[in-house]
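Asker: Here's the letter readout for the chains.
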Amino acid sequence: MIWVLGEKRGDALAPVTCEALGAGRLLAGPLKKELNLLLLGDGMDDLSEGVLKKADRIYLIEHSLLNPYTGYGYKKVLGEFFKDKDISALIIPGTSMGRDLAPLLSVSLGLACVMNITGIEVSNNIVHVKRPLYGGKIIETLALEGGAVISIMPRSFKESPDSEKQGEQISLGARLTEDDLRVRPVEIIRESERRDISEAEVLVAGGRGVGGPEGFHILEELASALGGLTAASRGAVNAGWRPPASQVGQTGKVVSPKLYIACGISGAPQHIAGMRTSRYVIAINKDPNAPIFREADLGITGDLFEVIPELIKEIKGIQEGEP
Amino acid sequence: MNIIVCLKRVPDTGVRLEIEKDGMELKPDFPWVLNPYDEFAIEEAIRIKERFGGSVTLITLGSEGGEEILRRGVATGADVEVYVKDPLLKGLDEINIARVLSAAISTIPFDMILGGKQGTDMDSGVVGGALAGLLDIPLVSAVKRLNILSEERRVQAFREVEGATEIVECALPALFTTHKGLNEPRYPTLSGIMRAKKQEIRYLDLNSIGIAPDHLSNRNFIRRVRLSYPLLNRRGVILKGDIKRQVQEAVTFLKDEVRIL
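Going line by line, the protein sequences match chains A and B.
According to this note's numbering, the first sequence is numbered sequentially starting from 770.
According to this note's numbering, the second sequence is numbered sequentially starting from 7.
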């Protein structure tokens, strides 16, 4: 069977849950296997509504200690759940939760572990998966020859269409004590930008060319006009202008937004590694020879402090012109 | 506080990588460096040792070339170097690497294990979590701040999650994987480099840690089929001249192709 572990974000399901179900369908369809969704947490009654028609079966496993996530808590509950079940693949979102959990689970379930999958292909019952290595400079294709825990890169798989039939919903309890958790969650501090750059549809990224922390205000304005977030290059993070969580690149995050706007970023290989999988790239740079232009669909040559205000004005003009 | 730091060497992140004709391996002509995330692990271990005493043991494994990164770690202040060196370790998958590490580490007393949150080569971040699971000790991954609580047997850790920081606590012994922002790694000192040259590396192989080669033989049911370069289908249009006109073309692109407006 193909299994997908869903993830909650706030009071709703994280978008990557539907992407994981999309990835699961790519396996379940050709392999003619059932696709089952697992949701762990506490008080999740309304949560499964959006996914009811995307899985054949939905298991809700509830316990007060399953919210928030803990690696050993999830490992114990899932270990018991899977004791008498067959696993061809267990797909886990490539989020901070999934990256923490996948190796723990793979060891305890005796399965292979493949992280950061961006593509799945099945032909003649042979499963091939793709993942970026070396920060995206190289793509590796792997054949899976046994059961595996697979984590998928956020924004790499399309949500699967709803099927006609509604999946069967099964609620289960769990046995868990405080001691099982091993690591005790104390507090979660929400940062001002609530979403993570790896999950944003639009990213406006700034580099050294932004000149300082105050220069990022205009990038933020552009990002919010496009409903996106700001990100930063290693240079801007190391200079202390932006937090490490916003860093794109080989020692930061690998992102795949629909639109990536690189502002004042020259385009070092380590940075390219982090944004290469973006669907569309626009680069804004004073230097017409900046390597970033080779990685862009569209390059704007000019001072970003002249270009971006003009861009915001034009974008807002169009948005306000809409009925 | 006795701390084990797991190290890995990776291709320098600044260089171009090329694939061999057979499509299965990289051409070996690139410089190796210590995995950047491991630098934060070494630095944190040294800081904890400086505050609480104890020792820092570095461990790496592989078929060749690990000496350089071990020496670098000693030059910045680590005490002991362990190298599990065996030709059978070449190309081993992450879960099996964790198995080898856990066998080697089970002979060394420790309070904490540190290591980078992922290698910048495979970008998997599996070894840390798998090792914690195999040793059955608490795991806190992608840590950006560590506080040893006064009673010394508990640690508070800050980890990055989507759009938030999570604070957790656990008892020692435990394993933490380190993220950027945890500290500013120091550079090796001259006296450190001299000391590192004289220091002896403790070599182990699979036999000496009690792992039979066929224990690793299944390679965990994952088989590499090929390596390839990412497909690039960028339009690569570079606009020039009047900014107003350039911006108008960009907006048309946003409207008609990206379809975001």
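Don't read these hints as lab results, they were simulated from the structure.
Check before you lean on any hint, since a few could be wrong.
Some chain A residues well away from chain B (every beta-carbon gap over 10 Å; in silico) [stated by the list, open to error]:
id : residue
1  : Gly812
2  : Tyr841
3  : Asp869
4  : Leu873
5  : Val876
6  : Arg959
7  : Leu995
8  : Gln1016
9  : Val1023
10 : Ala1042
11 : Val1050
12 : Leu1067
With beta-carbon atoms standing in for the labels, derived distance ranges [as the list claims (entries may be wrong)]:
id : chain 1 : residue 1 : chain 2 : residue 2 : range
13 : B       : Asp28     : A       : Glu818    : 46 to 56 Å
14 : B       : Trp38     : A       : Leu821    : 28 to 38 Å
15 : B       : Tyr235    : A       : Ile939    : 41 to 51 Å
16 : A       : Asn1007   : B       : Leu237    : 29 to 39 Å
17 : B       : Lys33     : A       : Lys927    : 50 to 60 Å
18 : B       : Arg201    : A       : Gly1009   : 52 to 62 Å
19 : A       : Ile939    : B       : Asp35     : 49 to 59 Å
20 : B       : Leu178    : A       : Ser940    : 42 to 52 Å
21 : B       : Arg53     : A       : Gly1090   : 52 to 62 Å
22 : A       : Gln935    : B       : Asp248    : 34 to 44 Å
23 : A       : Gly879    : B       : Lys33     : 47 to 57 Å
24 : A       : Gly798    : B       : Glu56     : 26 to 36 Å
Beta carbons: idealized from backbone N, C-alpha and C, even for Gly.
Asker: Hint by hint, note whether the structure agrees.
Answerer: Going through the hints against the structure:
no.	hint	result
1	Gly812	holds (20 Å)
2	Tyr841	violated (7 Å)
3	Asp869	violated (5 Å)
4	Leu873	violated (5 Å)
5	Val876	violated (4 Å)
6	Arg959	violated (5 Å)
7	Leu995	violated (6 Å)
8	Gln1016	violated (7 Å)
9	Val1023	violated (7 Å)
10	Ala1042	violated (8 Å)
11	Val1050	violated (7 Å)
12	Leu1067	violated (5 Å)
13	B:Asp28 - A:Glu818: 46 to 56 Å	holds (50 Å)
14	B:Trp38 - A:Leu821: 28 to 38 Å	violated (50 Å)
15	B:Tyr235 - A:Ile939: 41 to 51 Å	holds (45 Å)
16	A:Asn1007 - B:Leu237: 29 to 39 Å	holds (31 Å)
17	B:Lys33 - A:Lys927: 50 to 60 Å	violated (35 Å)
18	B:Arg201 - A:Gly1009: 52 to 62 Å	violated (33 Å)
19	A:Ile939 - B:Asp35: 49 to 59 Å	holds (55 Å)
20	B:Leu178 - A:Ser940: 42 to 52 Å	violated (37 Å)
21	B:Arg53 - A:Gly1090: 52 to 62 Å	holds (57 Å)
22	A:Gln935 - B:Asp248: 34 to 44 Å	violated (57 Å)
23	A:Gly879 - B:Lys33: 47 to 57 Å	violated (35 Å)
24	A:Gly798 - B:Glu56: 26 to 36 Å	violated (57 Å)
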